[in-house]
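Novice: Relying on the hints, combine the two individually framed chains into one complex.
For the protein sequence lines, the chains are F and C, in the order given. Here the first sequence is numbered in this note's numbering, starting from 1 and rising by one per residue. Here the second sequence is numbered in this note's numbering, starting from 1 and rising by one per residue.
Hint data in this document are derived by calculation from the structure and do not stem from the laboratory. Errors might be hidden in some of the hints.
[To be verified] Straight-line C-alpha distance at most 20 Å; calculated DMTMM-like pairs for lysine to aspartate or glutamate:
1) F/K68 <-> C/D494
2) F/K68 <-> C/E441
3) F/K68 <-> C/D495
4) C/K80 <-> F/E116
5) F/K68 <-> C/E491
6) F/K87 <-> C/D411
7) C/K80 <-> F/E61
8) C/K85 <-> F/E114
9) F/K87 <-> C/D409
10) F/K31 <-> C/E475
11) C/K400 <-> F/D86
12) C/K410 <-> F/D86
13) C/K85 <-> F/E123
14) F/K68 <-> C/D409
15) C/K405 <-> F/E61
16) F/K68 <-> C/D411
17) F/K68 <-> C/D407
18) C/K400 <-> F/E61
19) F/K87 <-> C/D407
20) F/K68 <-> C/D414
21) C/K85 <-> F/E116
22) F/K68 <-> C/E170
23) F/K87 <-> C/D414
These numbers come from a predicted model, not from an experiment.
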Amino acid sequence: MAHFIDRRLNGKNKSSVNRQRFIRRHKRQIKQAVSDAITQRSVSDVITGESISIPSKDLTEPFFHQGKGGVRERVHPGNDQFQSGDKINRPPPESPADGAGDGEASDSGEGNDEFEFQISRDEYLDILFEDLALPNLQQREIANIVETKVVRAGYTSVGLPNNINIVRSLRNSLSRRIAMSGSKRKELRALELRLQCLNGQQAPSNEEMTQLKIDIDHLKALIAKVPFIDDFDLQFNNFAKQPCPSSRAVMFCLMDVSGSMDQGTKEIAKRFYILLYLFLSRTYKTIDVIYIRHHTQAKEVDEHEFFYSQETGGTIVSSALKLMHQIQQQRYPDSQWNIYAAQASDGDNWADDTPTCHEILRRDILPVTRYFSYIEITNRAHQSLWDSYQKLVDSHPRFAIKHIEQVADIYPVFRELFKKQVS
Amino acid sequence: MAKIDSKNDYQEPSTRLDDSPDWTFEKLDLYHQKIKRVAQSYGLQTYPNQIEVITSEQMMDAYSSVGMPIGYNHWSYGKKYIQTKQSYSRGQMGLAYEIVINSNPCIAYLMEENTMTMQALVIAHACYGHNSFFKNNYLFTTWTDADSIIDYLVFAKTFISDCEQKHGVEAVENILDSCHALMNVGVDRYKRPSKISIVEEHQRQKAREEYLQSQVNDLWRTVPKSNQEDTLVKKRFPSEPQENVLYFFEKNAPLLKPWQREVIRIVRKIAQYFYPQKQTQVMNEGWATFWHYTILNTLYDNGTVSDKFMLEFLHHHTNVINQPAYNSPHYSGINPYALGFSMFIDIRRICETPTEEDKRWFPDIAGSDWLETLHFACKNFKDESFISQYLSPHLMREMKLFSVKDDSDKDYIDVQAIHNEQGYQTIRESLAKQYNLSNIEPNIQVFNVEVDGDRSITLRYYPHQKIELADSLQEMLRHLHRLWQFEVILEQVDDVGKVTVIARCPEVADS
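For reference, chain C alone in the conformation it holds in the complex (with noise of 0.2 Å):
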């Protein structure tokens, strides 16, 4: 339907919309609805929009709090807030044009400072680009539940609020300082999780309260078993190891109160929200990169914007796509924009224009309808995926990519493949792993707790490719104490299965 209206109207010459810099209620409305319909004509779905206008001081609030609406109350956002302004008023950096909340109806900030290009780019990147993309794409509809996030931040807004109330603003931030380092090891990366309203959490919550201790009770029960079964089999607990560290903590460290269990559960809960975030940056980006620039040429095309229009917004979309060489000093590594922005171009142009080693590298999709083709992408892709997916030697070609392997115990840096006919596969699988966040970040799973001894826990680290924890280590150590109230070994398994003990908290000295 909306296909064949859009089709009606842009056969007709559009009217030309006005100019001027400055922004209106009245204009961006109109802009907003002729965006809106091109994006429907490319098929895009979207949760409704709401389009917030705020100030830059309220933009940083926004970017303090991690982009949350809501957010309870830490010291640390506190730190980044006055670190954003800072560098915000010294002229360090600029501020983001938008941020886009990922929930339904979804909301989307434009600032006031902005003019009206630069909001109807904001508007077509953000209230279309990565509101679709969090609509469709499979790590969000698995992982994310739009309806209910804000409602729950409220929920845990209040939650830790009246924590603070009744056991004091240390107490709490005690745990919340514990539970942010542990953020990374919070989340489940294999089960999926079950969605629930606003109404059941907190009747959840309550009755969760009273069961978790009784089972925490149960699980520390302090009659001594009869020796006899201790000395048949030495169980392990957990059983299997696990990998959410948060959760294991939550539902069995010993001598954590039931408020405690929830604030965990809470910083849990928000991590695991913004798991898939972290999943699929440079699709994110890229995505809404690619319908920004589709819908604000093809409002060109039909005469609807100016070439003074265009001219800014090239301007801008230049800026935001630049990707400077790996010799720059500007170079910090490969700009998620313009990697997913080039890649979803390259689809498109596979799809309509293939040349013959599109054809060998992507019998499926050369030649292909690109809507349905890109549609495709965006819903079953996380960014490793996508990458070992569709990124072809044109692109590779274009970009000049190289992968380089640095292996510390020689003394030079290998370069592995360049791109070239021998290379692309190389390129293609290392780019791809760059971006396989189980290679990025350390992989520390709960081993074993001594239920009938110390009550010691044991946690494992498994090296990716012989890279070793950083610094951080004692101190994160005692952050797991904090939680867990009792010793904290940590071992680390090398590639040959050998166990040494690299750090334990409370610190033993050695003798």
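The following block holds chain F by itself, in its conformation from the complex (with noise of 0.2 Å):
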């Protein structure tokens, strides 16, 4: 007897197991394959997967097998023009008179020069941001928690009447009562066995009849006196309130729009990002992004003007620091947001404003941010700016500060500032 099995609805990722341990043993080729990526695809396309394509000689699988040479006879089918003792010149290496029909050889993947194939954004973005983690998580999560939730705690015997657990109380009365009448009952059956012994004889004696009724009474109106729900019973659900660390995140994106940065310079640093973006994206629920650009005077913009819109004119750094910590007072609290703030600039500045610079980042943004970050862009000498936030970098350890001179630098730049710090 046949029996037919639907499995369609079987899970029908069996292969899910394999196919990470493949990419697993892969990564040193894949993350090459990413890396590549991130540098070369245009920007708006980051969110999607990737296509991933590895040189094929990296995954054969070898066996022993037959090599050329030696001598070999085949039969062919298809015979249109031979005789029997016929010479013929020797085909050129991939005729049919070499190796055909040997489903093996195919397995060592020869003839493919790349082994191409898609991987997923989680992967993709996993394999992007591997080994990075976000500077001072730990230790702010413990310092500044300020949300809570509210979790279950088990029961209590005290608390609000809209929270009494009604089985648990009801099973607390009836073990009580039970537990309470238990030996009344008892002997309230023996009474009644006993009187129901006399009501069978034939003559019975009235008085032992009477007391026993009497004794059965009061017993019962014992039994009816324990109290059905007591305080004693009641049992109310219990909760608790449980810190939680906040799963918002700002991130400020400061840049500098003066004459000197041309569009080259701003897609770099749109890059930069780009990349903070996705990355924080994967350890906080909502991220609000905030772009703040300057020249000598900054202004909070969109996307679009941020990154678009051309001016001209001097550079005064501290405008925009300025309006980032007024920002963060009014609206993110850094008692309920993670603030993360990236800079990018050609490394211009007004030689009198940074000392100024220097000041508002030491005493109103580094300490309510998780993690600053400067990136300069340039190819030319570093200039006052970079050394004043030098002198910042020793003595704050979520400061960092980096120079990129090309797109290619972004990502090593980037893996080196989010770098798993072991301790």
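Specialist: Printed below as a string of structure tokens:
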């Protein structure tokens, strides 16, 4: 008898473990492909997955098999011209005469130079940000906890009436009633039995019967007096407040848009912001992004204006820092938000402004931010801003500065900034 | 009994089955019953069938784990899955219509996308063709145990995932990689395996673990023996060369831990299980194709299926048995479906309407009962012997077979024989050899172990017709070395008995 079984509803990802094994094993090659991709592909599709191709020679599974040379006899179908004894010139190596029909040979993957396949967005991001961690995450979580959430925490015997747990309370009530009336019930049963016996007799003794009835009534009254429910029985659902780390983050993007910043430099900065955004989105549920651009004055703008409008004029960096501090104070209290900031610039600043920047950072911004990264995109020598920032680096672990010269530097620099700290 | 029943059935006008393309479970069942009745009337003996309907994704899953319904995890299966999916989604390849597993009950997969006609074809092909081959062919009955394979695979999967828990994924993966590489040299070609149940398997695995370790310890005892014995006779270990390299390693590799030996054993067992399938590709596919063709034609003849059904069926069938000629761009060797199918058809022809030539070539079977002859052929042969027994001159002419000899010492290729009176015998022999696995797979044997010396192991390769080993050699030696952990030497013995070392691991710099 045959059985038909419909397996279509079974899980279809039987191979997903094997797939992960495959990716794990070829991580090195895949990583290479991923980091190539981040610099090559356009900014807007950074959200999608990635098509990865790795050299297939890295994937071969070797086995003992026969190589070339030697004497081989092979039978082929479809003879249209040959007679026995014919001599044919040796055809080029891939011809049928060479190893045709040997199904195993193709396993070695010869003939295909590249093994190409798709990885999903999550796999892509995992590989992209592997070994990276948000700095100072742990310390801050414990230090600055303000948000709490309510969780169940068992039962208590005191509480508000609306938290009464009916099932548990009645269970207590029942067991208390059983316990308190147990001995009396036993007595009652004995008396009732006795009464029955007397009733069955021919000449019941009236006196004893009356006494029995009185005793029975008395016992019944006692049993009835056991209260149905008592304060003692009550059970309440207990709730506790559990501190939880904030899952919200705000990311400040600060950029110099003065005349010296050309579109290419901005593109580099943009990629850095996108990487940061993707990276944060792996840790936080909601992320606000605030764009602040500045030349001599700072202004909060939307994304498009931030990246594509051109301004001219000088550069006063402190204006942006001031604005950032202001916005943060008004809208993003550091007790409820994780604050990140990334500043990009070509290093130009009005010389007199540099000490102000230093001061604002030290006094106002660095104490409240989780991480402040400054990238300088320039081919020239560093100027005063870099030097003054450099002084802050040693004393402030949450502050990092890096220098980027070209697009290809972004990813390595990003990795370095967020390298998992071993300690 | 079955024979009489079915005969009666077919004399009364049969009801025509619904031939609309969509299938339902009711229709599948109806078709299956009809097919089953015909199959029984031809005396096909099968394991009970378990027919599972799956999606194409699941088919790819099954594909990538070499058809095993339950497999342990390994990256190479992931790679195969990605490859399959990639080429399927690009339209470079179609999926197989079915996969059938040599187990009891016999599990066959039907793809949900197939039309009703395809499902009927697959049921006839897999559930009655392959199934009866598995149950009757001597290689399968002696070498594989259909009752216990599923249990064994479950055991293997659990064991390997336990090992991963205990020793880490990477350690297990390394061993598996090496074992997979050596799978081809991990089968017994001559010894007969014993059958055991899953419970015994568990108990024996425990016992084996302890016993093996004690044996190995004994073999590698570090206490030096007295010098006198050494000088007497220098004995080789193993005393006879061993063809099953994995088995030898499992039992004798000096430093392996018990769980590693068990992993080797698992890979070895699975290789052994698939070995008969490699040896009977032409026969197995030919047999199944012959039967789907015969069964569905019988159903057509008695009016159970319609013309429309038949046309679609024949379309698929001719695709399956298509054999491009040697000079066609689609040519990639002889299609086992085509060769096997034609041979079974040809045997039937020889039995039913033999010519003078057939009577000369096949005095035993010309004019005999075709069904009996076919069943005999199915039971008692493998590809190599099947071809050398049954390939007829008629078929060689039909397929226009010719045999070429390619000697790398000469700068031309020699046409040895064509489909004429002088050539038949040569072609038949040379085609049979082509399916002889001991000619195709390299002959590598464990020759010697320096038990008292540096513990190095020497393997010997005996080239077939002067064919050298492929370049994967050095990498293979690294795998051998990973299991053996002392020096591994590979020697080649040529046809005059001259021995040369062709590789060693760890490599020594030439000086």
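Novice: For every hint, state whether the structure bears it out.
Specialist: Against the structure, the hints:
no.	hint	result
1	F/K68 <-> C/D494	16 Å, holds
2	F/K68 <-> C/E441	13 Å, holds
3	F/K68 <-> C/D495	17 Å, holds
4	C/K80 <-> F/E116	12 Å, holds
5	F/K68 <-> C/E491	18 Å, holds
6	F/K87 <-> C/D411	10 Å, holds
7	C/K80 <-> F/E61	11 Å, holds
8	C/K85 <-> F/E114	16 Å, holds
9	F/K87 <-> C/D409	14 Å, holds
10	F/K31 <-> C/E475	24 Å, violated
11	C/K400 <-> F/D86	16 Å, holds
12	C/K410 <-> F/D86	14 Å, holds
13	C/K85 <-> F/E123	18 Å, holds
14	F/K68 <-> C/D409	12 Å, holds
15	C/K405 <-> F/E61	30 Å, violated
16	F/K68 <-> C/D411	14 Å, holds
17	F/K68 <-> C/D407	11 Å, holds
18	C/K400 <-> F/E61	37 Å, violated
19	F/K87 <-> C/D407	12 Å, holds
20	F/K68 <-> C/D414	17 Å, holds
21	C/K85 <-> F/E116	11 Å, holds
22	F/K68 <-> C/E170	34 Å, violated
23	F/K87 <-> C/D414	5 Å, holds
Checked against the numbered hints listed earlier, the structure breaks hints 10, 15, 18 and 22; every other hint is satisfied.
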